[in-house]
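*Asks:* Keeping the supplied structure of chain A fixed, place chain B upon it in accordance with the hints.
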Amino acid sequence: MESGRKEQPMTYPGDNKGFINYLYDRYRDLSMKEICIVFEGQITHQVMKVLTGLMEEQLEGMNEKRVLRRVYHVMVESLQNINRHAETFEDEGGPCPSRGLVLVTRNENHYQITTGNIIGNSNIEEISMFLGRLNNMEPDALDELYRKQMRDGVMSAKGGAGLGFIDIRRKTGNPLDYDFLPVDGDSSFFIFTATIPRKQS
Amino acid sequence: MNTLRIEPADDSPQVILDKENNIFEISGKSLPENVVEFYRPVMDWLQEYRKDPNPKTGLTLKLIYFNTASSKMILDILMVLEEMAEAGHEVVVRWMSLKSDEDMQEAGKEYEEMVDVPFEHLTYEM
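For the record, the sequence lines run as chains A and B.
Per our numbering, the first sequence starts with residue 1, numbered consecutively.
Per our numbering, the second sequence starts with residue 1001, numbered consecutively.
If we strip away everything but chain A, and leave its shape as in the complex, we get:
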């Protein structure tokens, strides 16, 4: 985050300012502490592998193995979400599919994985109801929901099993943080943050 650029207005990614402004707008009052990874662009399967590989490399040799495996897992799931579900939008260069932003930060207490991507406004209600419901569930109920979805869920055409958010919620133990910033009449910028405590749960 560039602390020198105060009061930068939020801009639509179509005008080349990029998604980073959305995050800056939302987080400028928060101390970001140490940034491990920041990336903005098309999240292909290859990019997902490279970014998670970078994280793995950074984490090698550190002794909080369980925490770090969870950071890796949450990154995989969040990036695959963007790869499958980000709304394609148009800019001057043509269509931008699977476009998103990922930010991994840490401080002494936790790791945070934040992602951002454009979604259609028609999806807001479903996503926010689902995430709100997950946040209100107890660990046993989350396990039960995960198992039920694994058993009865149908693989989507995009290759998802509808399990990512549930597993992120149950593995992190923390409420999921999310927001929808309006872009235009049809779409919004979906910001999602998972927090992984560094103390053993």
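It is possible that part of the hints are untrue.
To be verified - The calculated label-pair distances, taken between Cβ atoms and stated as ranges, are: (1) Glu-90(A) / Glu-1048(B): 20 to 28 Å; (2) Gly-173(A) / Gln-1014(B): 27 to 35 Å; (3) Gly-53(A) / Asp-1018(B): 26 to 34 Å; (4) Leu-1122(B) / Asp-179(A): 37 to 45 Å; (5) Glu-1110(B) / Pro-182(A): 38 to 46 Å; (6) Glu-1037(B) / Asp-140(A): 29 to 37 Å; (7) Glu-1007(B) / Gly-53(A): 14 to 22 Å; (8) Glu-90(A) / Val-1092(B): 50 to 58 Å; (9) Pro-95(A) / Asn-1021(B): 27 to 35 Å; (10) Glu-1007(B) / Leu-54(A): 18 to 26 Å; (11) Gly-173(A) / Glu-1007(B): 34 to 42 Å; (12) Lys-158(A) / Met-1079(B): 20 to 28 Å; (13) Lys-1099(B) / Glu-34(A): 39 to 47 Å; (14) Glu-1106(B) / Met-155(A): 17 to 25 Å.
No lab work stands behind these hints, which were simulated from the structure alone.
Using N, Cα and C, we set each Cβ at its ideal position, and we do this for glycine too.
*Replies:* Then chain B, alone, in the frame of chain A:
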């Protein structure tokens, strides 16, 4: 019956399904771009094998990592084994986890609760 052998990649596991030598093993990382496509030959092979299995089938699952989409495929595989067990065949799952990977050990216990197949939980060190 032909042996199914899939070489490991950085995002998909090694698979050995060998009826003749009685070796059944999936090991490594599983986060392929398309899980359904990756696991289709595995499921097809098992569905065929199920009709005329060996007297004892031990499936070794030695996974370092799997994503949530793969978790559903693993359950599908275990459910084929469950059908075999229900048909009276002897079946066992050897769930192998790194000693330091408690989440992987817990995942094995979760599967054990979900399917009616005996599990052996084993840990190893790198």
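*Asks:* Hint numbers the structure violates, sorted upward?
*Replies:* Checked against the structure, the hints that fail are numbers 1, 9 and 13, while the rest are satisfied.
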